[in-house]
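**Student:** Build the complex: two chains, separate frames, hints provided.
Read off the chains here:
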Amino acid sequence: MAFKRKEATIEATDLNTITPEEAEKRIIAGVKKYATNEGNWSKADANTPFLGHIIGMGIESSNLADITMSIERQFLTKKTKRVPVSEGSAEFKLEDGELGKLRILDGQDATAATPGLSIKMLMDLGHMPKNDAYLSKVVSFAYITSIGEGWRTNDALKKLVARIEKLSGTEKDEAKANLKALCDQARAYEALIADSAAFATSRQKIGQNDQAAYDSLRQELTVLEDKIKGVSATNDAERLAALRAEEAEVRTRLKMSAQKLTVSGTVAREASQRTPVIQAKIEEIRALLRQSLQEAERALA
Amino acid sequence: MLSSKDIASLRIQRWLSVLAAAPLYAFIRVVLRWRFRYRFSNAREFQEKIWRELDAHDGPVFWAANHLTLIDSFLVFAAVVPWKKLHRTRLIPWSTPEYRNYYHLGSLPKKISVRTLMYLCRCIPFLREGEDAASERWRKRVFAKCEWLLKRGEAVFMYPEAGRERSGWLERHRPKDFLGRLALEAPNAKFLCLYVRGDHQLYTTAVPRRDETFRSYGALIPAVLPGETTPRAIAQRLFDTLADLQEEWFAASSLPKNCGGNDVLDLKSPRLAEHFDAESGETDPEWMSRHLTAREQKSLEALPPGFKRFAEACKFIAAKEAAHKALTQSGIQTPQGGFLMLQADLFRRKVVHLPTGAQVDVRFTHEDEDKVHCVAVLRGGFIGDDETPGDVLWDVAEIPPGDDPHEFARGKCLEFIAESSDEISSPALLAFTDDGGAPKVLQGGKVQDWGVSLSHSGRYAAWSFMIS
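Line by line, the protein sequences are chains A and B.
Position 151, counted from 1, in the first sequence is what this note's numbering calls 157; the numbers after and before it change by one each time, with no gaps.
Position 398, counted from 1, in the second sequence is what this note's numbering calls 411; the numbers after and before it change by one each time, with no gaps.
Next up, chain B with everything else stripped away, as it sits in the complex (with noise of 0.2 Å):
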């Protein structure tokens, strides 16, 4: 419960915000356009329909948005917000910004800026981690507040995904449910759902670049339903808003969507098997040392030598290949034997991308005495998991003795695409082609965002594509 000293600063802080709220749109407008040369290309016609909607409707609403960048409160409301509709106070969204990311930055003069700046901004800080009854009380105290803004018909802004999702992609089967929670404490409420995102945004950056033009998605749907009694259920259904917006954004986009890699390993190709030895059942720390980081080799060591540990380096260089394929699609390249610039968590099922932070999803579809495979997804759709089924279909077999490797994985591959498809009758209608060193196919002569991938390694060879 709030105290009375709570509800009056809230007041107070509400006063203030409408008070400062035409100097600071001034401000933050002046410097999105004149600092980073920002432009948003729909902005017309998506402030249009968002207004219709939401001047039809009177009670409280969450934003909900993508989240990419450290500074997409400011763009998301640039986006939304147009200079004649500043005087819906009650639509100004509060937020509810991390504390320990924002209220202690710099020196004291930028230290108080900054706190200023998040004040009138409407920011109750927030407390994400601390499992101590302090921590708790925090986080239940904005929560509180919330749900006081909320039921006086506030407005709140929340980022769903919790954080900056670091591969740049809203994946709809990984929902959060604290929306859900907060929703069902104010059932008249409605989310208004946005996806913004620039047109050269490949993944998570701390800015977006200069000269960014961004577009904007959104939609204003009901935060519960009649029959709609768990956070769960409320949760899916707004990520799977979002995830159809970001649909929209990418459909109108020149980024390719689905971005997705495979890799298969000949665990007994004399290539490979060379740095690994039967007999002591150590690998080669020199050839490890080229191929895993520090971080890779720390995890290699805690299992006992052996074929399992080599394996385990293959599995390591598998899902660093497999990623590697699934960010050349989207246009983060990796130097040629950059092995080190790509770092692996088996237990996560994770590749890092260390140059510029991006996040691979993994999975191995074969482990055995013989082979590794894995298949990796950038972005596009799920890599899929134990319960639910991915968006990525791939197939591993044994290369004939004569054939050419190179030749039997497209040739397979095509005739794969065309079995899974009821819309493609023949592999004939297909075609490969090559763009910066990704393969893609081509269909009724046109460039298809399939996410294709190939692989081969001493008797095996494998490929994948994405059907999302």
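Just chain A, same shape as in the assembly (with noise of 0.2 Å):
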């Protein structure tokens, strides 16, 4: 079967039939027009973020989805036959049904930050079979996420203590003032980034917002449904259509809570995991970090 899209056919290929290692190659094959760092892109592992431009492929956000469509060009699936989420509603999840085009659904893309993070997500959708000795390579959504904070800090630390090399006189005193700032912040994510319990707590508080976030579109839902309840009473039908209208806005809208509140679930439950892969990139930036910091203090002094 073949989807043509512009000059380019692709081949799609059954994602049983392929090995993780097998489609992850594909995929970062298949995000190459997007990848705005072609040196990053070249050397492109399961772990390497498809934003961002010191460790990623740098692709713009413009083309985001494309790379989720990127991926359901290229592979096939048995989970094609739509079935509602519940009676009546217009929700659909995706059972096994004929070999079809693979779909991915709104929002279960969210964590897919990096080739392997995309195959770890064909897997937890059923698309294609577990396979636990992959994904022991793969980092975690919220691990990948935070050594990429870790490489922007000491990105800054580097460039701001070339800058300062450059500068004199009381210029040079100012600016560092900046570089005595940045080192601390550089420490304290060091620190934050070398203990796991610490940084899982970090973690779950950033979750913390999402979850107040929903509880008070649950509690706007409830004032609602207490406003329809009341007005059923009446005569007042233009009313009770306006509010239903609205019941239906904020019942959307709870649902994409519930999305955002899965990924900070996430990444909350990921925060406290550490497999060897994980340790070893925390070490890398870890150690980078401090030639970053010692650089940083010469240029002090």
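Careful, some of the hints might be misleading.
To be verified - Pairs of lysine to any residue residues, derived as SDA-like cross-links and limited to a Cα-Cα distance of at most 20 Å, are as follows:
no., chain 1, residue 1, chain 2, residue 2
1, B, K459, A, L299
2, B, K124, A, A239
3, A, K182, A, R193
4, A, K211, B, Q461
5, A, K186, B, P348
6, A, K164, B, E420
7, A, K186, B, W300
8, A, K165, B, A431
9, B, K453, A, D190
10, A, K211, B, D224
11, B, K363, A, Q214
12, B, K311, A, R245
13, A, K39, B, T129
14, A, K107, B, W300
15, A, K164, A, K39
16, B, K459, A, E177
17, B, K453, A, Q191
18, B, K123, A, D190
19, A, K165, B, D224
20, B, K124, A, T228
21, A, K261, A, E97
22, B, K123, A, N241
23, A, K87, A, Q114
24, A, K211, B, G344
25, A, K235, B, Y115
26, B, K124, A, R245
27, B, K459, A, A194
28, A, K172, B, A431
29, A, K165, B, D417
30, A, K261, B, P348
31, B, K459, A, E180
32, A, K165, B, G450
33, B, K459, A, D190
34, A, K107, A, R79
35, A, K164, B, P348
36, B, K363, A, E252
37, A, K165, B, K453
38, A, K235, B, P348
39, A, K211, B, K123
Simulated from the structure, these hints should not be mistaken for laboratory data.
Keep in mind that this is a model prediction, so the values were computed, not measured.
**Tutor:** See the structure below:
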């Protein structure tokens, strides 16, 4: 089966007939035209972020959906049968059916930040068999985003050191205050990522905002339901219709809020789990930061 | 004009509310403290300041407060009135809640309880909507009741924004005239301007989160100054005072005040243009459905096929990207690729973050055959319009061939900030850092609350920051 898209004709492959490594290679190849950092793309592996220019492939945010669409175009799955989530619901989930085009539903790709995490997404959704050996090499979403922060801090530190070396006089003195602040930030990050318990707690706190947002929306729905109940007893059909429309809108928002909560829940859960691959990535960025901090201290001296 | 029956019923309501004041006050306090675990952090000094001024004023008072949650009236009341001032019944305000929001809630027993509570809390139901004669009559009667109360030296509570501001920001450039109109009827009155907000209140919600701590700021100012003859002049001064109190609140807050964003899209970038068929003038429906909500797609379909439709689709995306950056600065995150969680209304120039309902103002600064550029403001200042320049400064430039777009945008942004300020002699005094995925600028070793935003797409880079 072939899908035609502009000049490119892509042979789609059944996800159950290839290894995760093969699928990973195809995913990386599929995003080549969107990658603005050719260097990082050419040596990309399971843990190379799609976004970001320092260690990422440099894909622009307006092309984010193209990553998912590229994955969909390349693979076939048996999860093609649309089944309503509940009776009468317009929402559906995909269950086993005829082999057909892969479809990634809205929100399902929220944590697919790297090729490896995209494979994990496909496994979690049942499009391909789970492979623990492969997954053990994949850095979790919680850590890929946090390690990215470390790289950005390191990059900012190195660039500021380089700039300060070219300055002189009062300009240099004033710029040093910024360097000192960046050093403090780098040290705080390094201490946090080194301490797995503290790191997990910090990620859980971020999730609390999403929980508060969800709870607030639930309260808004409760108020609306109360209004509907109250207005139902009157003959105000126009008002009732307006409230029903508002209720449908809040329910849609609640669904999205729940999706967001799932992402922050995933981050909170994963933050307390460190595999050897994650630990190695952490040690790599910690070593780099320590080195940059030494250079910064020399520049501050 | 009020009938004698109206006046009699107001007198009865006042008398009953005085009788119920102490138990009601205790009930409100207990619910706020024990049910929601709310605290008021600067209550004592705030109340002392406010009551010193209130005690010295023997005329009517308009309570005018910011509006973020459905229970603000209770929160503001609890923040302002200590036990020992409950006997000042003249200064306990009358409120005008929207009839359709509160008077038909839930089952019959609930409806009766809510109505009783509101009656005893000196509520006069108001009807905001409806252009028919009955609705007009209703509104006129409520205004007449307020005038009657004010002329007797009583207090009336109103929200000058007339509703909950979905961005969570009281905007001084958008005054509403109704309080100015009412003030002209009671020129000896004073405005009790109040800004009460929870430390974690990022945006408008039904109720504040549990365990919230509130900080309150206030000022008592004359309702009408000599020479003020128009409702707009009065409303503008009221909004300016409230906006100043809001500045005070944010100055002592850990929340960033300035939350802005910007986004540029190169319409001729091959990576973007591949979703547009120049021959048929159609856009790729699959790509559209991943970026635009059903409502956005519908408004796009109303346009004739062709470049305009493609450019309009890009405007939606740029608006949503810019809004996403403004939201990220405030701590409201949108998951990666969550375009459908944001809904833009290009006519109203608003983007709504659907999971939270937070609303962001957007404005297009460049729209031509090559690019679209959009700036967005959640809070911190005015986005600007055709008459009033805003608090966002921006620039868009072509990236020189061979330059790293990211580095180009960063370097240019620092240059632009330095050029725009008399106090920053060189961009070398500034440096970029990162805070939770949002770029921040350091000056003098401190992270500056400037709402800085960077963007690049194809041949163009853009940057913006806020000067408020």
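**Student:** Just pull the numbers of the violated hints for me, sorted ascending.
**Tutor:** 4, 5, 7, 11, 12, 13, 15, 18, 19, 35, 38, 39
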